[in-house]
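Enquirer: One letter stands for each residue in the lines below.
Protein chains: 2
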Amino acid sequence: MGRASHALAPETLQALLSDRARAAPAKPILDSSNDVVNRISFVYGFPDGDSLPAAEVAEATARVMATDGRWALQYGSNAGHAGLIDVLLKKLKRDQGIDAKPENIIITAGGSQALALLLDAFINWGDTIISEMPTWLGAVQAFNNVGASVVAVPVDDEGTDTESLERELKRLRRQGVQPKLIYVISNFQNPRGISTTLDRRRQIVALAREHGTLVLEDDAYFDLRYGGETIPSIYSLDQSGSTMYMGTLSKTMGAGMRLGWLVATPAIIHRLASLKVDGGTNVFGAHVAADWLPRRLPEHVGKLRQIYQRRRDLMLAALEQHMPPGTSWTRPEGGFFIWVTLPEAIDTTRMLAQARERGVDYLPGSTCFADGSGQNQLRLAYSYATDDQIEPGIRIIGEIVRGELLEAGRR
Amino acid sequence: MGRASHALAPETLQALLSDRARAAPAKPILDSSNDVVNRISFVYGFPDGDSLPAAEVAEATARVMATDGRWALQYGSNAGHAGLIDVLLKKLKRDQGIDAKPENIIITAGGSQALALLLDAFINWGDTIISEMPTWLGAVQAFNNVGASVVAVPVDDEGTDTESLERELKRLRRQGVQPKLIYVISNFQNPRGISTTLDRRRQIVALAREHGTLVLEDDAYFDLRYGGETIPSIYSLDQSGSTMYMGTLSKTMGAGMRLGWLVATPAIIHRLASLKVDGGTNVFGAHVAADWLPRRLPEHVGKLRQIYQRRRDLMLAALEQHMPPGTSWTRPEGGFFIWVTLPEAIDTTRMLAQARERGVDYLPGSTCFADGSGQNQLRLAYSYATDDQIEPGIRIIGEIVRGELLEAGRR
Chain A
498 MGRASHALAP ETLQALLSDR ARAAPAKPIL DSSNDVVNRI SFVYGFPDGD SLPAAEVAEA
558 TARVMATDGR WALQYGSNAG HAGLIDVLLK KLKRDQGIDA KPENIIITAG GSQALALLLD
618 AFINWGDTII SEMPTWLGAV QAFNNVGASV VAVPVDDEGT DTESLERELK RLRRQGVQPK
678 LIYVISNFQN PRGISTTLDR RRQIVALARE HGTLVLEDDA YFDLRYGGET IPSIYSLDQS
738 GSTMYMGTLS KTMGAGMRLG WLVATPAIIH RLASLKVDGG TNVFGAHVAA DWLPRRLPEH
798 VGKLRQIYQR RRDLMLAALE QHMPPGTSWT RPEGGFFIWV TLPEAIDTTR MLAQARERGV
858 DYLPGSTCFA DGSGQNQLRL AYSYATDDQI EPGIRIIGEI VRGELLEAGR R
Chain Z
498 MGRASHALAP ETLQALLSDR ARAAPAKPIL DSSNDVVNRI SFVYGFPDGD SLPAAEVAEA
558 TARVMATDGR WALQYGSNAG HAGLIDVLLK KLKRDQGIDA KPENIIITAG GSQALALLLD
618 AFINWGDTII SEMPTWLGAV QAFNNVGASV VAVPVDDEGT DTESLERELK RLRRQGVQPK
678 LIYVISNFQN PRGISTTLDR RRQIVALARE HGTLVLEDDA YFDLRYGGET IPSIYSLDQS
738 GSTMYMGTLS KTMGAGMRLG WLVATPAIIH RLASLKVDGG TNVFGAHVAA DWLPRRLPEH
798 VGKLRQIYQR RRDLMLAALE QHMPPGTSWT RPEGGFFIWV TLPEAIDTTR MLAQARERGV
858 DYLPGSTCFA DGSGQNQLRL AYSYATDDQI EPGIRIIGEI VRGELLEAGR R
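Listed in order, the protein sequences are those of chains A and Z.
Be aware that the first sequence starts at 498, since it is given in the numbering used here, and climbs by one per residue.
Be aware that the second sequence starts at 498, since it is given in the numbering used here, and climbs by one per residue.
What the hints contain is simulated information worked out from the structure, not anything from laboratory work.
One or more hints might be untrue.
Copies of one chain are not kept apart here, so a pair can be met inside one copy or by any two copies together.
[Unchecked claim] With a Cα cut of at most 20 Å, we get these calculated SDA-like pairs of lysine to any residue:
no.: 1; residue 1: Lys598; residue 2: Pro889
no.: 2; residue 1: Lys588; residue 2: Thr727
no.: 3; residue 1: Lys667; residue 2: Gly594
no.: 4; residue 1: Lys598; residue 2: Ser825
no.: 5; residue 1: Lys590; residue 2: Glu888
no.: 6; residue 1: Lys667; residue 2: Ala512
no.: 7; residue 1: Lys800; residue 2: Glu665
no.: 8; residue 1: Lys590; residue 2: Gly580
no.: 9; residue 1: Lys588; residue 2: Glu726
no.: 10; residue 1: Lys667; residue 2: Thr509
no.: 11; residue 1: Lys598; residue 2: Asp547
no.: 12; residue 1: Lys667; residue 2: Arg699
no.: 13; residue 1: Lys590; residue 2: Leu794
no.: 14; residue 1: Lys800; residue 2: Thr727
no.: 15; residue 1: Lys800; residue 2: Arg567
no.: 16; residue 1: Lys590; residue 2: Glu726
no.: 17; residue 1: Lys588; residue 2: Arg792
no.: 18; residue 1: Lys800; residue 2: Ser548
no.: 19; residue 1: Lys667; residue 2: Asp624
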């Protein structure tokens, strides 16, 4: 009953592929966990390994299995485990000031599935999405997978550039194109680390309404603020029902839980639930999270803020110390990332091999743009590398940049 | 920061929806767990609640968290947790006789995500899929979501009707249509409970090859055989690489784990992993399953076989006792389901309200057909209702059918 290693002829496979499959670049199957263990890793937005609540999760699982095991191990609702929904609604009200009801929320496998479901529900091949650029790498990939035409709006030190947003919306209107979605990471934006100001959030709401389009507010980093004042969410500023609010447990309880959520109008949630044929999202993990969150989240988040604030400060100091003139970087009030802009002569994709050879890893800026620009930029995550790895890692990057600049001067 | 209850105007939402969202019927958000507790439930393919290994899962979680918590709670590979892949490959070799390597497998959120990924990779709107009919309700919905044109092939007491399959393939060829996929549930088919014979499996392989199409072999019920001989999988009979083999832990370890897998050529697996932007499938659950499976699966499956065989026998006996003449049903050697064909006069969708009112639930046959036929048929799951619920439940259904027949005789 074995199987010979005959493979399907590549041309046969090619002939059967969908547009989606043809558009997706063949990614290497990376086990990112293997990738980070032997390097000073500034590359992924991974939560700190040591602070993950492993023992507490074991305890929560024991409690859940003793009291509710027959439902935690059974198929679940397509909207998500009601117990987790209940806990999240309380958290959203307490922390985010978002007042939502069970019919406003759907549980997803991390923010990723929320985004994928939305794209399935709203994007036909060739439809237009407006997105901040640079933005989250996963969103760039997901937009590409569904054949979306992505209109880029830049981000500056006040967040989404709403003047540019307005200009693009007007241009699309003149061209008779209805954009389906504006994608915004409102707090500590990935990859720049900068939040969109209250004034700009209000403008986004007004523009979306005026142009009959939706807003997807991705707020993955909300809980991780290390300074400054909380800014009301776009969702809470929007009385029109156009804004959808996406969150995740990946940056707090742990990315391995693969649990996120989307808050939106009941009509949108119902549409998404109807498209979701998955037997319930991670029913087991959802039960464990529903036990852990009310008991431990606030204290855990307090601990994480201390860790990440310290690392952000260490990284900012190291950049000050080691980066050559002509380099600039953002100074985030929260989240995981610092965005570095190097002199024009530097190509951060090309430079990566040197960094990896010297045991340091970062994310080249071009991966954060749908059009591959950002060649002289890079994203540094300060979330995962340990305190004492940060200065040595930045020193090495600084040395490589200086070397590249010398090299470029000689050409 | 609250939010008024203003909702997006329905016409605004409607204008933004994708073809997929328009095609998906607006399903009620059902919490199926609420649905089953107050009834004798023959409706869902739920594993037996009492036999779910809750205490063992708590122990497995404690072990995983003590030894590998920092990776179980972290982002994972897009192909799935390497430890679970390793365990599954051993299981597939030992039990299924399938010899696969790590590059042949991808871990998915149940069989559902494997199917959804495949459809994304191979189906453009309007593309043709050949499927057994009746078939798994989830597949019918998933095909519908991606706008597939579904060609039905009947199923009889030897499984997939391969004469009909050949006829349809030839017809499509004459019409210049390249079918992308043949979907087959090879063992204890959902909903009929009948396996496809070895001879027919060989014919499926030959026909797929001849017509340059793929086969998706769904083998969700493999482990649950209560009689007869194991039949080699279509996958193991296919030397051409055209067959993909799909499995799940939902019917053994527990549906709440939301873990399944797909075995295929490395080129196909690579394509699927490239489309999969999800931070890894249920990393936490995958680590727990990788601990539990090698320790407990064989013994657990032995226990499940006893339970489900007994329930099948109880249900067959009750049908014999209570169903009126003119009714027929299948006699499965494994799996969860018996398929009942009532006299033509009966409409099982209409009859359902009576059954539910009398505390019994079943699945109307029409939900298992893409074209809504099967009005006089119904699916009975014997997996979830307890031993002592089976006879009373079938008695009630029998009474309702007799009543309906009397009613029909009067019309």
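Enquirer: The structure should be examined with respect to each hint, and the outcome stated for every one.
Expert: Tested hints:
1. Taking the closest pair of Cα atoms, Lys598 and Pro889 never come within 20 Å of each other, the shortest separation being 48 Å inside a single copy and 40 Å across copies.
2. Proximity of Lys588 to Thr727 under the C-alpha cut-off of 20 Å is restricted to the intra-copy arrangement: shortest distance 15 Å within a copy versus 51 Å between copies.
3. For the identical chains of this complex, Lys667 and Gly594 are neighbours neither inside a copy (32 Å) nor across copies (61 Å), given an alpha-carbon limit of 20 Å.
4. For the homomeric pair Lys598 and Ser825, neither the shortest alpha-carbon distance inside one copy (44 Å) nor that between copies (47 Å) is at most 20 Å.
5. For the homomeric pair Lys590 and Glu888, neither the shortest alpha-carbon distance inside one copy (39 Å) nor that between copies (49 Å) is at most 20 Å.
6. Taking the shortest Cα distances, Lys667 and Ala512 sit within 20 Å of each other only across copies (19 Å), while inside one copy they are farther apart (40 Å).
7. Neither within a single protomer nor between protomers do Lys800 and Glu665 lie at most 20 Å apart by alpha-carbon distance, with minima of 42 Å and 63 Å respectively.
8. With identical chains, the CA atoms of Lys590 and Gly580 are at most 20 Å apart within one copy only, with a shortest distance of 16 Å there and 39 Å across copies.
9. Within a single copy, Lys588 and Glu726 get their C-alpha atoms as close as 18 Å, which meets the 20 Å cut-off; across copies the closest is 54 Å, which misses it.
10. Taking identical chains as interchangeable, the C-alpha atoms of Lys667 and Thr509 lie at most 20 Å apart only when they sit on different chains, with a minimum of 18 Å there against 45 Å within one chain.
11. Within a single copy, Lys598 and Asp547 get their C-alpha atoms no closer than 35 Å, and across copies no closer than 33 Å, so neither meets the 20 Å cut-off.
12. Proximity of Lys667 and Arg699 under a CA criterion of 20 Å is satisfied intra-copy only: 18 Å inside one chain copy versus 60 Å between copies.
13. Taking CA atoms no more than 20 Å apart as the test, Lys590 paired with Leu794 passes inside one copy only; the shortest distance there is 14 Å, against 43 Å between copies.
14. In this assembly of identical chains, Lys800 and Thr727 lie within 20 Å of each other by CA distance solely inside one copy; the values are 18 Å within and 55 Å between copies.
15. Proximity of Lys800 and Arg567 under a CA criterion of 20 Å is satisfied inter-copy only: 17 Å between copies versus 33 Å inside one chain copy.
16. Taking identical chains as interchangeable, the C-alpha atoms of Lys590 and Glu726 lie at most 20 Å apart only when both belong to the same chain, with a minimum of 17 Å there against 57 Å between chains.
17. In the homo-oligomer, the alpha carbons of Lys588 and Arg792 lie at most 20 Å apart inside one protomer (12 Å), although the nearest pairing across protomers, at 38 Å, exceeds that limit.
18. Within a single copy, Lys800 and Ser548 get their C-alpha atoms as close as 8 Å, which meets the 20 Å cut-off; across copies the closest is 40 Å, which misses it.
19. For the homomeric pair Lys667 and Asp624, the shortest alpha-carbon distance inside one copy (16 Å) is at most 20 Å, but the shortest distance between copies (36 Å) is not.
When each numbered hint is compared with the structure, violations occur for hints 1, 3, 4, 5, 7, 11.
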